[in-house]
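One line per chain: the protein sequences are C and X, in this order. All residue numbers for the first sequence refer to our numbering, where the first residue is 3 and numbers rise by one. All residue numbers for the second sequence refer to our numbering, where the first residue is -8 and numbers rise by one.
Do not rely on the hints blindly, as some may be mistaken.
[Said to hold, decoys possible] Cut-off 25 Å, straight-line C-alpha distance, at most; resulting in silico cross-link-like pairs (SDA-like, lysine to any residue):
(1) X:K243 x C:D227
(2) X:K243 x C:V177
(3) X:K158 x X:A286
(4) X:K158 x C:I343
(5) X:K403 x C:R138
(6) C:K176 x X:H302
(7) X:K217 x C:E239
(8) X:K243 x C:I343
(9) C:K176 x X:K60
(10) C:K242 x X:P105
(11) C:K242 x X:E14
(12) C:K176 x X:V249
(13) C:K176 x X:R300
(14) C:K176 x C:A257
(15) C:K296 x C:R90
(16) X:K158 x C:R231
(17) X:K60 x C:A349
(18) C:K272 x C:I343
[What the hints assert, rightly or not] Beyond 12 Å from chain C on every Cβ pair, some chain X residues (computed):
(19) A6
(20) L16
(21) G19
(22) H23
(23) A30
(24) N97
(25) N106
(26) T121
(27) G269
(28) A399
Worth flagging that the hints you see were computed from the coordinates, not collected in a lab. Since the model is a prediction, treat every value here as computed from it, not as a measurement. For every residue, glycine included, the Cβ atom is placed at its ideal position computed from N, Cα and C.
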Amino acid sequence: MIRPASEEDLAGVVAGAKGPLSIQGGGTRGFADNAEGERLTTSGITGITLYEPGALTLVARAGTPVEEIRERLARDNQRLPFEPMDHRALLGTTGEPTIGGVVAANISGPRRVMVGAARDYALGLRFVDGRGMVIRNGGRVMKNVTGYDLVKLLSGSYGTLGILTEVSLKVLPKVAASATIVLGGLSDDRAVAAMAAALGSPFEVSGAAHDPGTGETLLRLEGFDESVRYRSERLAELLKPFAPSRMESDADVVAKLWAAIRDVTAFAGKEGDVWRLSVKPSDAPDLVGRSGAKQSLYDWGGGLVWLRCDDGTDLRARLAAFAGHATLIRANAQTRRGLGIFQPEPAPLARISAGLRAQFDPRGILNPGMMG
Amino acid sequence: MEMPKPNPEILLKKARIVSRLQEALYDGAVIHDEAETRAYECDALSAYRCPPLCAVLPSSTEEVSAILKICHEEGVPVVPRGSGTSLAGGALPTADAVILGVARLNAVLETDYPNRFIRVQTGRTNLSVTGAVETDGFFYAPDPSSQLACAIAGNIAMNSGGAHCLKYGVTTNNLLGVTMVLMDGTVVEVGGAHMDAGGIDLLGVICGSEGQLGVVTEATLRILPKPEGARPVLIGYDSNEVAGECVSDIIKAGVLPVAIEFMDRPCIEATEAFAHAGYPMCEALLIIEVEGSPAEIDEQLALIKEIARRHNPVELREAQDADEAARIWLGRKSAFGAMGQINDYMCLDGTIPVSALPYVLRRIGEMSREYGLGVGNVFHAGDGNMHPLILYDANKPGDLELCEAFGADILKLCVEVGGCLTGEHGVGIEKRDLMVVQFTPEDLEAQMRVKDVFDPDWLLNPAKVFPLASSATRRAATGVAA
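With these hints in hand, go ahead and build the complete structure from the sequences.
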């Protein structure tokens, strides 16, 4: 395992690389397992380099543990708004998730449905491209349209366009209170409709999930005490036609409920392949029906669906054409190779993506084969 | 501002190009008469003008594809144009370029409330997107000042912001998908009604690429439920520093207002004389707006007022009703117009870290005295997006150049303190040559490589974004407008 201690070291390693590199941060998300090559980790390039609570800005080197950032922000009563998922329970991995990994894979949690994804909070970054050049894009300010937005391009590119060395993030204040309305016994169709009604209301729902396993539909509200109380009463009223509800307002209980949704712990330790679907929310129940999955979980009001299927199931073939995409998150090496991690793109887009990879990594050494 | 010399071969074959375009389009969609093409000679950066070879106004994605195919075959540059409201010269033509205006593409294609999106053709104006959904209780969040006129196409090209983006983000955070035509005529669908990219996030780099990667003809936009209500509070201070501290303390306290607007004394005086909004005469004025139910608004404003009082304001006024709220916003919304009454002005758009606000305002004041040109500051304080308005006299020889030099110095200062050249207007031609202040040659090279993939011949929106010297080799290699 190559473990550079600085951006400069990393640039040297890439420039001098003789063959492919398989890139990871803390190695908790399993993505490096999908690329051939010598293992390289950014976990040695660490440290928060700037934090200005009054400007809602934090800058950290890529290998900085997410936990360290969370703790630092908490001391000033702030947080990462996009609530990144922790993959360790689902994948059975160990190690320390890094902020570079979060941005490189655009990892977001339940709050994404209201506040946006990791990529929406990435203000700037530094990375080393496939030539070993250090490149900077974006900055540390919230509004920045100076030049092309390579920050978005690199977020979610899984290291195939460059290896992140530093990210600058917009952060937000923590909330004083949170509550969750729980509806019971809804079919998937009705649950998605209830979540749509909630998300379409002015009550600022910051999480909308449905677990067919427990039959519970969860809707989260966050903010100042009075405001949360008022909005949860109004929302419960609005949802009456769907099902009777109960209210959970103990902060610890609410936090645990949503950590479980975020980390898909309902699937942890259970056999089978795990797929992640990104779809138009109202399409979700039909797709879940067609999938033949053993277990499912709806997040983002139905826009994000987790499926646990029999080993080796070609889910994309089973679903046929649909608007959105299916990513294979957990499977054995043979299935991963056979089906591919990412949904194949239509030809013109695949051509553009391949063209970008060739421009940023002309030797094809950064996580080759991972994204096409 | 230097522009590339037009390619004489293209000028010579104008008749052929026009006739090929006419064959491909409906009658009247090709404007080639010299008197009529003058309507497209500039955008809102009107100091720079150049009539195009011709202008085309397609009515469908298929027509856009046909136009681009022809221009690609003929090697003719294309300048996409929304409503022409760019303050950065983003739609400035060259004499050998075809202007592709999307104004006729203004339909709403689909409204989907359960999934909270609207799909529109991109010639539709920003405000009319909200107009299409507001009776059903929804709105489209990005709200640039020009929202009455500006087109979604231009919003996407420039990744436009607005006063309310502290809470709702800018265009890129509210854009779910596009239909885009590449320079060779290929139509691609990127993104859609789902919430994230399935591969490399192409949508993320398309938004804000200033029309240089493709022509976006349709867009899927996120719409949001309208809040129950909103209320502004007006706070006056006798120093910029204290106002800056107040903003920082509010943010640190955990309140997230939808807007925090800041005006300095020259701006307050000008708008007061123009709009009579009843503003106090002071050094710095903040307009802070919060949203929600009446109870939530009371709760948030109570906290904001408490923090504001700690800094000894000279004025603290909460809107008691809709009329008073409108009066508080009146001055801010007419600030640019008011400054325009006094003088010609140039509006800058640099962003700075909020913590650098007092220092930057002080330096701008010093530079204003050195240059002998007045400057007013009105800006989005919550996110550090400054809008210094430099006053000059367009009829006085040398004044525009002096103003541009002053502007360049302010933007360099923004970069020096950790900010950037442009927060929401875009680079266009205006800030093109300053890009080297913010980026290394390698940084710019990485950006230009993206254009190489989407538009290998460098035909789309020529001479914008990248300094001409940086793009010279590429432009020479493709034989276009050397």
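Each hint tested on the structure:
Distance hint between K243 of chain X and D227 of chain C is fulfilled; the C-alpha atoms sit about 18 Å from each other, no more than 25 Å. For a cut-off of 25 Å, the pair hint linking K243 of chain X to V177 of chain C stands: about 12 Å separates their Cα positions. Taking the CA atoms of K158 of chain X and A286 of chain X, the gap is about 19 Å. The hint holds against a cut of 25 Å. At roughly 34 Å between alpha-carbon atoms, K158 of chain X and I343 of chain C are farther apart than 25 Å, so this suggested pair is violated.
Among the hinted pairs, K403 of chain X with R138 of chain C is consistent with the structure: their alpha-carbon atoms are about 18 Å apart, no more than 25 Å. A hinted pair counts as satisfied when its Cα atoms are at most 25 Å apart, and K176 of chain C with H302 of chain X qualifies at roughly 24 Å. Only pairs whose Cα atoms come within 25 Å are accepted, and K217 of chain X paired with E239 of chain C is accepted, the gap being roughly 18 Å. Distance hint between K243 of chain X and I343 of chain C is unfulfilled; the C-alpha atoms sit about 41 Å from each other, more than 25 Å.
Of the supplied pair hints, the one linking K176 of chain C and K60 of chain X is violated, its CA atoms being roughly 52 Å apart against a limit of 25 Å. For the hint pairing K242 of chain C with P105 of chain X, the CA-to-CA distance comes to about 18 Å; that is within 25 Å, so the pair holds. At roughly 60 Å between alpha-carbon atoms, K242 of chain C and E14 of chain X are farther apart than 25 Å, so this suggested pair is violated. For the hint linking K176 of chain C to V249 of chain X, the alpha-carbon distance of about 17 Å falls within 25 Å, and the restraint holds.
With a CA separation close to 23 Å, the supplied pair K176 of chain C and R300 of chain X stays within the 25 Å bound. A hinted pair counts as satisfied when its Cα atoms are at most 25 Å apart, and K176 of chain C with A257 of chain C qualifies at roughly 13 Å. This hinted pair checks out: K296 of chain C and R90 of chain C have alpha carbons roughly 21 Å apart, not beyond 25 Å. For the hint linking K158 of chain X to R231 of chain C, the alpha-carbon distance of about 21 Å falls within 25 Å, and the restraint holds.
This hinted pair checks out: K60 of chain X and A349 of chain C have alpha carbons roughly 19 Å apart, not beyond 25 Å. Using a Cα cut-off of 25 Å, the hinted pair K272 of chain C and I343 of chain C holds, with the two alpha carbons roughly 20 Å apart. Chain C leaves A6 of chain X outside its interface by the beta-carbon criterion, the shortest separation being 33 Å against a cut-off of 12 Å. Residue placement check: L16 of chain X keeps its beta carbon more than 12 Å from all beta carbons of chain C (closest about 24 Å).
Consistency note on G19 of chain X: stated as away from chain C, and its beta-carbon is indeed over 12 Å from all of that chain's, at 31 Å minimum. Chain C leaves H23 of chain X outside its interface by the beta-carbon criterion, the shortest separation being 31 Å against a cut-off of 12 Å. Every Cβ of chain C is farther than 12 Å from the Cβ of A30 of chain X; the closest lies at roughly 27 Å, confirming the non-interface assignment. Even its closest Cβ contact with chain C, about 24 Å, leaves N97 of chain X beyond 12 Å, as expected for a residue assigned away from the interface.
With a least beta-carbon separation of about 5 Å from chain C, N106 of chain X fails to lie farther than 12 Å from that chain, contradicting its non-interface assignment. With a closest Cβ-Cβ approach of about 15 Å to chain C, T121 of chain X is found to remain outside the 12 Å limit, as its non-interface label requires. G269 of chain X, annotated as away from the interface, keeps every beta carbon of chain C farther than 12 Å; the closest lies near 30 Å. With 12 Å as the threshold on Cβ separation, the claim that A399 of chain X sits away from chain C holds: the shortest Cβ distance comes to roughly 14 Å.
The structure shown violates the earlier hints numbered 4, 8, 9, 11, 25.
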